[in-house]
Amino acid sequence: MKATFGVWSPHRESTSVLAFKSALGLRPERWVWCDDRQQASWWVVDAALGVSEDWTADLRKEKEGFRTQGALLARDWAAVGDPVWAFLKLPLQVDIIYRWVDACLLQHPEPRLLLSGQRLKLKRWPNMSRYSSASNLAGGMNLTVACARLLKDWVTYEEAVSIANDKAALDGLLMDAQRHGILEMASPVQATSMVAEAANPTTGENPGKTEDPKTWSLIRRLINKFK
Amino acid sequence: MVTDQTFNQQIQVNNLQIVLGHTIEHQVVFVGPFGVGKTTALRVVSDIPVVNTDVASSEAEAGASGQGKTTTTAGFDYGEWRFPDNTKVSLIGVPGQDRFEAMWDIMLPRSSAIVLWLYGDRDARLMECSKWLNALAMRKSIARLAVAVTRLPEGNQEEALKPYRELVSQYHPLAPIITADPRLSSDVLQAITMALTTPYAALERM
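From first to last, the protein sequence lines stand for chains E and P. Take the first sequence: its position 149, counted from the start at 1, is 148 in numbering that gives the first Met the number 0, and no numbers get skipped. Take the second sequence: its position 51, counted from the start at 1, is 50 in numbering that gives the first Met the number 0, and no numbers get skipped.
Example chain P residues on the side facing chain E (calculated, C-beta under 8 angstroms, incomplete):
# : residue
1 : E24
2 : F82
3 : Q156
4 : E157
5 : T178
6 : L183
7 : T196
The calculated lysine-lysine pairs, modelled on DSS-like cross-linking and capped at a C-alpha distance of 27 angstroms, are:
#  : chain 1 : residue 1 : chain 2 : residue 2
8  : E       : K224      : E       : K213
9  : E       : K60       : E       : K88
10 : P       : K139      : E       : K213
11 : P       : K139      : E       : K122
12 : E       : K62       : E       : K166
13 : E       : K120      : P       : K161
14 : P       : K161      : E       : K122
15 : E       : K166      : E       : K120
16 : E       : K20       : E       : K62
17 : E       : K60       : E       : K166
18 : P       : K130      : P       : K161
19 : P       : K130      : E       : K122
20 : E       : K20       : E       : K60
21 : E       : K213      : E       : K120
22 : E       : K20       : E       : K88
In case anyone wonders, no lab produced these hints; they're calculated from the structure. Yeah, the Cβ is synthetic: ideal placement off N, Cα and C, and Gly gets one too.
So here's chain P without its partners, still in its complex pose (with noise of 0.2 angstroms):
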């Protein structure tokens, strides 16, 4: 599949058609804490099986986070939306732990838009949406960001996504917070949209 995406030579026996070069127009990143659920995101909004490469998880274990997650994404999951004009987008998920950055300075850089998934109901949850958005700066890839923020406690959300606000708009002014569950394509498709269509022109006068 990595190779269907950096120069895919397709050949349809049956008309004789050859189309030479890749057909990715855009690529969209899933990034976020381990076990916030980009995975499950993903399969839900993908057209084709999800290519992934979990592996027994060490954080599972050891019973340290994940809420009772217990494989982890070592490389990178890939899906596709397809269109008739056989143009793809893919969809990419990034391993979230700090000892995959590796895998970060590949994908991010080139991505059309990111959603970044958060926790909710975590104590450091600001710190790491600090963290996450600190390395997405770094990489140039604040642009096109949408913020999901998973597993909020019942009650006011407005009031919950707040310090998530004000956090985001010291890296982009107009980047959208939403809550949402990674398991409802609605959710998902929405952060997606929401993170390719946010203007980002306030971005460029910062």
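Extracted from the complex, chain E is given alone in its bound form (with noise of 0.2 angstroms):
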């Protein structure tokens, strides 16, 4: 399985940024265009644009809980204003941005993945207990049956949090499965088709050809019932 990262740039029209981007396309990882930059790991912008304030202290923010890199590209060393981003003097050399990559991934081997519009399966159940708890009974309860359905089906990443109606604890839980090597991920391509055919145990419709939906309606009632 490939890994997929996000990147986040306010200059996709720049020349210089499109051959950043290029560069990273030779490398062995999928690097995929984010529009929002909460969901891209990697931020480049060009200074001879400007860069704003608010996405150096967004930039700031994301670099502690999230480990996004920030790469500057510029001429000079004057331009970066502040040493949040990493400056990639122009023109740019591929070997010099693969070597910041390289010290990036070596820094963080767990970047945040790109989860956004991925199809997602899991090999096994995780430990759920480790992302239990006794003041939100319902929300495990949901977050389980969200995994049931990975387990089953490859689901898009959406629908996956539409059923857990956690994100957080979803994100959590997958970046585990990834650490452990049970989550399968695949490009988006075939996933609408795919997943329509899915079941949908939260609506109780189709639940699945093997499955009993007197047992998905107890599921319902039980989240309900300790909700």
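Hints given; two lone chains; assemble the complex.
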């Protein structure tokens, strides 16, 4: 499975940024543009087109929590207003970009994966008791139901979030699953058709060819009971 | 209560509503070795006071097992979840000793989900696990199974669960194995939900 990373840039039309993204495309990982910078773990800006203070402040926050990296492309070191950005000198040199990316990956071997839009599947159950909490019994059960779906079928990340009803808990579980090698990821291609065939236990519609609708009805009632 | 489970004739005098036939839709069974915490787990999640058949235990007197437990279940424990529409889910704990096998024969084949409680701190824990998996497989009760391991020593729990996973996967490739404390309702509910939702299509192909 190729690791997939999200790349965000406010300057996608910049030739420097495009060159940077093209260089990333030659690496073994998958690098995908993200429209939302909160979903991307790699940010790149062209200093010549301006760097907003908001982006710098957000990058500082993101670097603490989610190991996000920021590259600032400029001709001169003087353009770097804040050391939170990594300075990459123009014209870009592919080996320098690679060295920087490798250093970042070495420092943080588990950078935030891009889950949005991905098809996901679990190879086996995670140790769910790590994610249960006495104060939120229904939440724990929703997360369990989401995992059951991920075991049975390929499910898009967005669908899994809607079943789990707790994005933060699901993200934590999926990150752990990735670290333990039990999360399979695939590109969004064909996702629509595959997922359309899958059951939705939360609505009770077509819960699956081999599963007893009564069981799903029980799960739904249980979740309501412990809400 | 046994009568209630098999044939429930309920008459509500206030509104003269009569319900004939039992209202039990599902049956969740807790199995596992003596003293592992099946009755405790049942008490934690049951809506009704658990009906039990605990008697003084000869094992406990002999100090053989059970880690300080002085009683054992001789028939079965019975608890319930009740829903507003009057349906019920019965929660049943069966005794762990081999001599009560007859009870397993009655309770296991008709269960909707089974939670196998196992010790995590015994030398013979894997042998015990294997014995129970065989017992469940013989009674065709392996499809809706969750394995809950209690009392795991501190340390890397993922590593500690690995041998259980390898063993259980020989019987059911997708059966969940979790660490659980039978005193915590969240852990018990988690185990039950996992047992009920585990896909068993893979099992049918085996």
